[in-house]
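Student: Produce the complete structure using the sequences and hints provided.
According to numbering that gives the first Met the number 0, the residues represented by the sequence shown are 0 to 195, in order.
No wet-lab data here; the hints were simulated from the structure. Among the hints, erroneous ones may be present.
As the list claims (entries may be wrong) - In silico SDA-like cross-links for lysine to any residue, where the CA-CA straight-line distance does not exceed 25 Å: (1) Lys56 to Thr169; (2) Lys57 to Ala20; (3) Lys148 to Met61; (4) Lys57 to Met79; (5) Lys25 to Pro64; (6) Lys1 to Gln50; (7) Lys56 to Glu40; (8) Lys191 to Thr112; (9) Lys25 to Asn47; (10) Lys148 to Arg96; (11) Lys148 to Thr169; (12) Lys148 to His120; (13) Lys56 to Leu167; (14) Lys191 to Leu170; (15) Lys56 to Cys110; (16) Lys57 to Cys12; (17) Lys71 to Glu92; (18) Lys107 to Pro176; (19) Lys25 to Ser90; (20) Lys56 to Thr26; (21) Lys107 to His120; (22) Lys1 to Gly13; (23) Lys1 to Ala138; (24) Lys148 to Asn159; (25) Lys56 to Lys71; (26) Lys25 to Pro67; (27) Lys25 to Asn53; (28) Lys25 to Leu2; (29) Lys107 to Ser90; (30) Lys71 to Glu124; (31) Lys71 to Thr112; (32) Lys25 to Asn68; (33) Lys25 to His66; (34) Lys148 to Ala188; (35) Lys57 to Ser118; (36) Lys1 to Thr81; (37) Lys107 to Thr81.
Please read these numbers as outputs of a predicted model, since none were measured by experiment.
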Amino acid sequence: MKLSLAHNPIGECGLDSLANALQHNKTLSELTLICNALDGEGAVQLGNILQYNNTLKKLTYMGNPIHPNGIKYLASGLAMNTGLLELIFESNEFDSRGARSFANGLEKNQCLTTLSLCSNHICSEGLQYLANALQNNRALTTLAIQHNKIDGEGVRHLANALQNNTTLVTLNLSNNPIGNEGARYLGQALAKNTVR
0 MKLSLAHNPI
10 GECGLDSLAN
20 ALQHNKTLSE
30 LTLICNALDG
40 EGAVQLGNIL
50 QYNNTLKKLT
60 YMGNPIHPNG
70 IKYLASGLAM
80 NTGLLELIFE
90 SNEFDSRGAR
100 SFANGLEKNQ
110 CLTTLSLCSN
120 HICSEGLQYL
130 ANALQNNRAL
140 TTLAIQHNKI
150 DGEGVRHLAN
160 ALQNNTTLVT
170 LNLSNNPIGN
180 EGARYLGQAL
190 AKNTVR
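Tutor: The structure is reproduced here in structure tokens:
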């Protein structure tokens, strides 16, 4: 079963009710929440969903600004989740502090294969945290981080992680100011990467 609540202003109360129901639901495989008039604490409920529901395979959460503290709850749920395969977490205005928390959850998660963090405010510092998580994550095969603020220094951290990561096969860095420096780091990483 799939449920889309895109462009419905359900607010925090609506998401709280949904999260409570999904803690026990065993049939919903896909949930889409886009532009739902949620404030930055929506991630608390998302964390609860991920912590208690392992039936959900795809979660799309877009256009709902989120605070760094909220991402801690999401990351905690992600770390414990054993069912989610795809997380689309775009246009939520989180920055490097949020990326740091998110990376903690990603590092412990062993089932997520696709992660999209497009159109947020992730800069090179945030990518460093995510890259560190990739060195220990052996499940993620696709990472989309286009339309952020990642420069050559951020790509250096990612390139170092790619030299040791054998599972990531798709990486989208489009529309980031990586420059010549970033391209050079990627080239060096690709020369050493062993993904087939």
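Student: Next step is simple, just say for each hint if it's right about the structure.
Tutor: These are the hints, each one checked on the structure:
{"no.": "1", "hint": "Lys56 to Thr169", "verdict": "holds, 19 Å"}
{"no.": "2", "hint": "Lys57 to Ala20", "verdict": "holds, 17 Å"}
{"no.": "3", "hint": "Lys148 to Met61", "verdict": "holds, 18 Å"}
{"no.": "4", "hint": "Lys57 to Met79", "verdict": "holds, 16 Å"}
{"no.": "5", "hint": "Lys25 to Pro64", "verdict": "violated, 28 Å"}
{"no.": "6", "hint": "Lys1 to Gln50", "verdict": "holds, 19 Å"}
{"no.": "7", "hint": "Lys56 to Glu40", "verdict": "holds, 22 Å"}
{"no.": "8", "hint": "Lys191 to Thr112", "verdict": "holds, 22 Å"}
{"no.": "9", "hint": "Lys25 to Asn47", "verdict": "holds, 15 Å"}
{"no.": "10", "hint": "Lys148 to Arg96", "verdict": "holds, 14 Å"}
{"no.": "11", "hint": "Lys148 to Thr169", "verdict": "holds, 19 Å"}
{"no.": "12", "hint": "Lys148 to His120", "verdict": "holds, 6 Å"}
{"no.": "13", "hint": "Lys56 to Leu167", "verdict": "holds, 19 Å"}
{"no.": "14", "hint": "Lys191 to Leu170", "verdict": "holds, 16 Å"}
{"no.": "15", "hint": "Lys56 to Cys110", "verdict": "holds, 10 Å"}
{"no.": "16", "hint": "Lys57 to Cys12", "verdict": "holds, 22 Å"}
{"no.": "17", "hint": "Lys71 to Glu92", "verdict": "holds, 15 Å"}
{"no.": "18", "hint": "Lys107 to Pro176", "verdict": "violated, 29 Å"}
{"no.": "19", "hint": "Lys25 to Ser90", "verdict": "violated, 29 Å"}
{"no.": "20", "hint": "Lys56 to Thr26", "verdict": "holds, 10 Å"}
{"no.": "21", "hint": "Lys107 to His120", "verdict": "holds, 23 Å"}
{"no.": "22", "hint": "Lys1 to Gly13", "verdict": "holds, 17 Å"}
{"no.": "23", "hint": "Lys1 to Ala138", "verdict": "holds, 24 Å"}
{"no.": "24", "hint": "Lys148 to Asn159", "verdict": "holds, 19 Å"}
{"no.": "25", "hint": "Lys56 to Lys71", "verdict": "holds, 21 Å"}
{"no.": "26", "hint": "Lys25 to Pro67", "verdict": "violated, 30 Å"}
{"no.": "27", "hint": "Lys25 to Asn53", "verdict": "holds, 8 Å"}
{"no.": "28", "hint": "Lys25 to Leu2", "verdict": "holds, 13 Å"}
{"no.": "29", "hint": "Lys107 to Ser90", "verdict": "holds, 24 Å"}
{"no.": "30", "hint": "Lys71 to Glu124", "verdict": "holds, 17 Å"}
{"no.": "31", "hint": "Lys71 to Thr112", "verdict": "holds, 20 Å"}
{"no.": "32", "hint": "Lys25 to Asn68", "verdict": "violated, 29 Å"}
{"no.": "33", "hint": "Lys25 to His66", "verdict": "violated, 29 Å"}
{"no.": "34", "hint": "Lys148 to Ala188", "verdict": "holds, 21 Å"}
{"no.": "35", "hint": "Lys57 to Ser118", "verdict": "holds, 19 Å"}
{"no.": "36", "hint": "Lys1 to Thr81", "verdict": "holds, 19 Å"}
{"no.": "37", "hint": "Lys107 to Thr81", "verdict": "holds, 10 Å"}
Checked against the numbered hints above, the structure breaks hints 5, 18, 19, 26, 32 and 33 and satisfies the rest.
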